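Each protein sequence line maps, in turn, to chains D and Z.
All residue numbers for the first sequence refer to my numbering, where the first residue is 1 and numbers rise by one.
All residue numbers for the second sequence refer to my numbering, where the first residue is 275 and numbers rise by one.
Hints in this document: simulated from the structure, not taken from any laboratory.
This one's a predicted model, so the numbers in the text were calculated from it and none came from an experiment.
Ideal Cβ positions, reconstructed from N, Cα and C, are used throughout, including at glycine.
Just so you know, not all the hints are guaranteed correct.
[Claimed, not checked] Keeping only pairs whose Cα atoms sit at most 30 Å apart, straight-line, the calculated BS3-like set for lysine-lysine is:
no., chain 1, residue 1, chain 2, residue 2
1, D, K156, Z, K289
2, D, K30, Z, K380
3, Z, K553, Z, K615
4, Z, K556, Z, K454
5, D, K225, D, K244
6, Z, K595, Z, K380
7, Z, K595, D, K30
8, D, K30, Z, K286
9, Z, K615, Z, K572
10, D, K146, Z, K279
11, D, K152, Z, K642
12, D, K155, Z, K286
13, Z, K626, D, K88
[Claimed, not checked] According to the in silico footprint, chain Z covers these stretches of chain D (three or more CB under 8 Å from chain Z):
no., stretch
14, 23-32
15, 57-64
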Amino acid sequence: MIEIRLHGRGGQGAVTASRIIATAAYEEGKYSQAIPMYGTERRGAPLTAFVRIDDVRVRERELVHNPEISIVLDPLIAKQQAVVNQLKPGGLVILNTAYPPEAVKIGGDFNVATVDATTIALETLGRPITNTAILGAFAKVTGLLKVESIEKAIKKFFPGRLGDMNIAAVKRSYDEVKGPIQAVVKEAPEQKVDIHVGGYGVLKDVSSWRVFTPEIDVDKCIGCKTCWIFCPETAIQWDEEKNKPWIRFEACKGCGLCANECPVNAIKMVRVEV
Amino acid sequence: MVGNKAAATAVKLAKVQVASAFPITPQTTITQYLSEMYAAGEWDFDFVNVEGELTSQVVVQAASRTGARTFTCTSGPGLLYMHHPMQTTGSSRLPVVMAVVHRGYKGMQPDHSDLMSQQWTGWGHQYVEHAQEILDSVLMAYKVAEDPRIRIPIAVGYDGYVLSYTAEPVEIPAQEEVDKWLPPNKAMPSVLPDEVDPSTFARGWGGGDPQMPWKVHHEAILKIEEVLKETMDSFEKTFGRRYGNGMIEEYMMEDAEVAILAMGTIAGTCKAAVDRMRKEGKKVGLIKLRSYIPFPVKDFREWAKKLDGIAVVDRSICPGKGGPVFAKLRDSLFDQEEKPKTLQFHAGLGGKEVRVHDFEMIGDKILKAAKGGKVEQVTWV
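Chain Z with its partners taken away, still in its complex shape (with noise of 0.2 Å):
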């Protein structure tokens, strides 16, 4: 089963009742298999066909509004059209769930400048990293989404072509267990606008704090740390599957000195470069990023404790500023009294390949800098 495939088949398992979305290259497909199953008539929900990506994310949004589970996808450009209707979902507090399939900005191939340039629109953004991951993220994404204590849209990214497009095998959940596992989303009468409480989401009506939508906002969505957690727990219970805590997956890491951090399909090379370097005896270990919002600090500051040094791999780039991922651990790590030494790397820009050689010259070099050794702080893998 494709990438792509494994997303659909997740929507089907959740009995998504609307779902819309509009076709762009590498996401297509999902759009296809969805039509294919209307056709078929798998399951009772609605696909509404539109003309671009702004009108799909208003379509979940409004049936979203209703207590509908909703669904949408989109890759690269069209995740930049429908950047102003996110703002509206995230600040209506609204448990759609999207699907990005990474499409990058310079060319068609992949990388994560997409999904990370919509950091502000108020989503949690998930990584993941294989098809099996796709398939059991979306449908853990639905369960934190409509959690009472969250209500915060949820995007779940993957790479374009090399996963959305790769087949490998899946195990699929019976109905009766997802049914048992994840009951059918409830509208919240508190998030339609007019019974709003002035106080918290509308933007400041009757002399409210117009900065208090704001505020609530942010505390919703650190709280998915500790709902994403949970359900990870439960998830396994029920299925026999994990993926480290939900917000970071440990590979190797219970003696290493120090730690790769990576997100998304290279995760899964770096985890072969790992086991290449074990075999040397150099103790690396991958810490693959799940979660970036919320971004798990805590998890982290414990690393942080016990590493000399993380590498940060960085698929997507902000021009002139940076990778975010970097300057989202740095900033995590900067009031600690015990700090590992960090590198930045930057990978997988445009789509290029990252193999496992690549991974082996950056554990090269965070175990030199974490043995002291002069290493330039920022690479163009």
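Bound-form chain D, shown alone (with noise of 0.2 Å):
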């Protein structure tokens, strides 16, 4: 049996990037098995996946807790959810990132590979969903599933030009991975993985979710306080004396509502640099 967990937040697709490992599995006469794990569900909350693939229905109900191989959707992830804990000896670990493996500062005795998700994801959906732009690269580093499997299995999920787009993504993604290579930092200490991540942004630190930021320009705003209404998370205050908005970076998860509203465009979202 193979077992892989998968890490992501919560918009970015890990949950269908699970399913669709399973069901490419299934149409290379596999048996499999996808389940997620969440917490409360909503765009940017950290959340967990696991595939598991044999010859015989898989029985096992319990979660994944030795994966073979960790995909790690999300380039900030690693800070809240330890992607390599518990990894089996050996095993593999997938990452977003635009740094080459031999850069990847996360340790121990596993082999790291790199892809560029969120700029593939970008480039070729428009938005950061970097699920597909990941699998591509699962594909070629694992040489579990050929990647007709997946572009089929992308298919069944995403009919039409949407999967066009995101077989482009899967395409880019398996001709751009860099890797696998030996981990180069050999030791590293034991996380714990907390997979009930879940809960209220208000009461906690959730840049690391953003993968764009706004930016205010403060000559452009004419001080109308939409921005600061319509901010779900409360990131925006408001200074009285000026009569201008500031941000609250730690509550900003970066969802661009603040931007989408500005009646003189006065906020852009500006990709986070990594």
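Dock the two chains into a complex; use the hints.
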């Protein structure tokens, strides 16, 4: 039995990715199971999903605790989730990052492959939904499933043009993945995986959820308070003296509502550099 | 296909005529799938949107009285809100089938306390393990519920999240085969209120015995055992799959010295644990309980003669009273000459994960107890 763990955030499609892998395995005549595990369901919240692939019907209904493969859909999720925790010795982690595997600082006895899935997703889909943009890398570096099976599975989930766009993401990710190489860092402290990481943003630091960060042009701002009213996380604060907004960045998850609502386009969403 | 899709697909295959449900996590996606099927006109049925679970139960109850095949579904607190009309559906002997996607009361993760809390409503209660079994069990539930000997509503329970949202391969039977195997439901005039026989269904009008409706109801539910076993045989003949005798499903029990009794998704995990223990030469098997109401008393009395121990894993608890399956099993065996040692395990409450090694611990304990070793009666896994 092959066991896989996926780390991502609500909205990046980790659950869909797990189902695509399971469906692709089924297409190749194998049995599979895809278990999602999330707390409060919402965009940006960290979540985990699991896949098992076997030649017989999978009966185990516990979560995957010792995966062979860890797939990380978000470049910053490793700050919140222990993405290589309890990975089987000699296992594999596939990271969404622009860095080559040699530069990866997560350490232990495993192999590392990297792919810049966020850029691929933005350029092929126009949105930072990184699930399909990492599956091509998965197919190539694991050799577990044919890329054709993954494409076939994607067509089931996304018919029509959306399917074609996602397949384009898979193809680019297949071509652009770097590695795998043995992890450069050998020793790493054991981290605790907290899979129940939902919860409410107003109480937490959600800054790592951002793919885009709002930037306010205070000269353009007319002080109408629309952004302040619409911000769902109370990240936008009001400076009463200057009659201008400022951003409490630990509370901003980068949803872009403020930029969308601003009547004079004084707020721009800028890609976060990782 | 995820567990909830399997349930919705069974509803489609059964050509349900009236469905009504109120969305609640983790049942919600069943209503979504049914709504999509309705929008696409996949077959001719009515989906009635309602403002709450109480009404959804009343809608299917009323539709069922007219002879329509009906379906509803809910979870946890939604089931509690349905409690009142469920009594009437049971008492009126209406063959409603309901999927109960387990959700706990102390948090949202699943345990069996939701369906267990509805023991007195006069329904048949079944618990299933995986997505294929959901699809098959919903189909079989219609066959059993609508049988003229039964006419009892049936609830098919399965764990939320870890089964409702988990994707796994499911074989979908051909519509023509299902049509042949499951003929349309027929209204039974005898259960329509104005034609009721006062001695059976009414509340003692006309000088009838007010206790009689309870006796008749009780006996009808007990008859599910026979009809479910028949249905399992005919299901296998037609579709090639079976789950034990319908009441219980045995795994590696042929030469077992002790058994673990579990139900729902954790029974699947238990099978993997049994395989591991067998490799170590431990003669442990699994008896998966599929029908809690009626309880497979006869089957357990037979097994009691052969086994040295039964470990009962309850995924619900009546606080202050204990695990319901444990109590019912011991009640079934109390008068028997030969009785195995029985142990109570509380596991999976509040959605707590039950792992393969937990079942290995349970197996070791019941083996030790069966050999006369000193083991505590109750364990919180």
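Now for the hints, and whether the structure bears them out:
For a cut-off of 30 Å, the pair hint linking K156 of chain D to K289 of chain Z stands: about 25 Å separates their Cα positions. Simply put, K30 of chain D and K380 of chain Z have alpha-carbon atoms about 37 Å apart, too far for the 30 Å limit, and the pair is violated. About 24 Å separates the Cα atoms of K553 of chain Z and K615 of chain Z, which keeps this hinted pair within 30 Å; it holds. Among the hinted pairs, K556 of chain Z with K454 of chain Z is inconsistent with the structure: their alpha-carbon atoms are about 45 Å apart, more than 30 Å.
At most 30 Å may separate the alpha-carbon atoms for a hinted pair to count; K225 of chain D and K244 of chain D meet this at roughly 8 Å. With a CA separation close to 17 Å, the supplied pair K595 of chain Z and K380 of chain Z stays within the 30 Å bound. Only pairs whose Cα atoms come within 30 Å are accepted, and K595 of chain Z paired with K30 of chain D is rejected, the gap being roughly 45 Å. Our distance criterion of 30 Å between C-alpha atoms is met by K30 of chain D and K286 of chain Z, whose separation comes to about 27 Å.
For the proposed pair K615 of chain Z and K572 of chain Z, the alpha carbon gap of about 18 Å is at most 30 Å, so the pair holds. Simply put, K146 of chain D and K279 of chain Z have alpha-carbon atoms about 26 Å apart, close enough for the 30 Å limit, and the pair holds. In summary, the hint linking K152 of chain D to K642 of chain Z is not supported, as the alpha carbons are separated by about 51 Å, beyond the 30 Å threshold. This hinted pair checks out: K155 of chain D and K286 of chain Z have alpha carbons roughly 23 Å apart, not beyond 30 Å.
About 24 Å separates the Cα atoms of K626 of chain Z and K88 of chain D, which keeps this hinted pair within 30 Å; it holds. As drawn, the stretch 23-32 of chain D meets chain Z at 4 residues by the rule of a beta-carbon pair under 8 Å; at three or more, the given contact holds. Coverage of the stretch 57-64 of chain D by chain Z holds in this model, with 7 residues showing a Cβ closer than 8 Å to a Cβ of that chain against a need of three.
Violated hints for the displayed structure, listed by number in ascending order: 2, 4, 7, 11.
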